[in-house]
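Engineer: This is what each chain is made of:
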Amino acid sequence: MNRCRTMLFMPGNNPGMLASAGSLGADIVIFDLEDAVAQAEKDTARILVRNTLTYLKPATEVTVRINALDTPYWKDDIDAAIQGGAEYILAPKCAQASDVHTLMGAIEEAEARTGTTKKLLLIALIESALGVENAFALATSHPRLTGILLGAEDLTAELGAKRTAVGQEILYARSRIVMACRAAGIKALDTPFPFVTDLEGLAADAAFSAQLGFDGKAVISPHHVHAVNEAFSPTAEQVRWAERVMVVARRAKEEGKGAVSLDGMMIDLPIIKRAERILSRAADTTETCNA
Amino acid sequence: MGNTTQASAGTLESNDILVVIAPGNGGEATVSVESIVMKQFGPAIIATIQASLAEHGLGGVTVTAQDKGALDCTIKARMEAAILRYKELHS
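Going down the list, the sequences are from chains A and B. So for the first sequence, our numbering puts the first residue at 1; every next one is plus one. So for the second sequence, our numbering puts the first residue at 1; every next one is plus one.
Simulated DEER-style distance windows between Cβ atoms:
(1) 57(A) / 39(B): 25 to 31 Å
(2) 57(A) / 32(B): 30 to 36 Å
(3) 102(A) / 14(B): 36 to 42 Å
(4) 273(A) / 88(B): 54 to 60 Å
(5) 273(A) / 37(B): 51 to 57 Å
(6) 30(B) / 59(A): 38 to 44 Å
Simulated from the structure, these hints should not be mistaken for laboratory data. Please read all numbers here as calculations on a predicted model, not as lab measurements. Beta carbons are placed, not taken as given, at the ideal position from N, Cα and C, and that holds for glycine.
Please take these sequences and the hints and turn them into a complete structure.
Structural biologist: This is the structure we're talking about:
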């Protein structure tokens with residue numbers, strides 16, 4: 001998984017929204033077969049998602065959010081995602097490593113059956129207290145698990161917490177997931193901001209999410225894409241600083257020096273790594289803009 | 001109570017198509033289409049519907065479609081869903 005600043009949810013049974021998904025500026029789009037689709041329309045949505053993927057080939061990477069393991073739909077959803085050529089499966093309600101093993105078993109079986117050479121990657125959606133507590137076990141459960149997304153609505157409902165724009169009630173869960181994902185070397189993806197018309201709150205929430213260390217954030221409205229992309233993109237000032245750090249670090253290496261300083265700040269390995277991360281993100285952003 | 005012999009899929013939302021499949025007279029399938037783009041794409045929509053019926057081996061039915069500007073892949077998807085539902089009803 002490369003760019004994942006924004007992951008935009010699109011309802012799986014809405015052909016107009018699915019068709020436009022690739023042009024809305026999100027790094028990844030999520031074709032949702034779960035909560036956005038009524039029980040009676042699971043079959044029609046699944047076929048529509050498969051056809052949209054097959055015939056329209058959206059310009060962005062696509063994740064299919066399948067239905068949960070406790071429903072009769074999830075295996076057929078996986079088949080549709082594979083047949084359509086999606087890049088990722090987003091699996092809801094993951095709470096323990098065995099959930100990932102069950103999912104990956106079914107994905108591998110379906111890939112073998114269809115003879116596809118493209119390998120689906122899995123993103124686990126953690127949205128329960130048990131899932132948060134098992135975050136590291138989940139994060140390290142399978143090599144094809146590429147990221148974890150926090151789902152704060154179900155989580156706060158289970159906790160009996162009030163969901164707010166500031167999000168103090170999910171700080172622990174967010175931090176825990178970032179920590180687990182960093183330790184496991186996979187992507188940490190933040191919960192959507194649920195207050196659709198509060199764009200000021202969205203910008204603050206996305207900035208805080210980036211500050212915590214998330215790689216990106218799910219969004220539930222196309223109107224949220226720009227602000228979240230911006231929050232997860234380095235500023236011009238940050239890029240200039242990172243470039244100067246790399247110049248100083250290279251010079252120090254050539255001159256056989258250990259630690260050097262820049263603007264009164266000691267430049268050592270953690271600072272160099274931060275600068276590299278900023279430049280890597282800046283390169284990703286440039287690619288997105290040129291795509 | 002809905003009609004228990006016919007199957008439908010799709011909606012009347014923009015960019016979608018609502019298709020209804022009902023038992024016919026046993027001969028060739030009858031296809032009737034209303035569309036906001038009938039003049040430009042009517043024959044193509046009818047051809048897609050007929051191709052879907054042929055692909056799934058379903059004949060002798062009546063198909064009624066109300067199109068709101070659906071793309072070809074959407075028409076195919078709605079037809080496939082309606083055909084599968086129809087077959088399940090009549091199995």
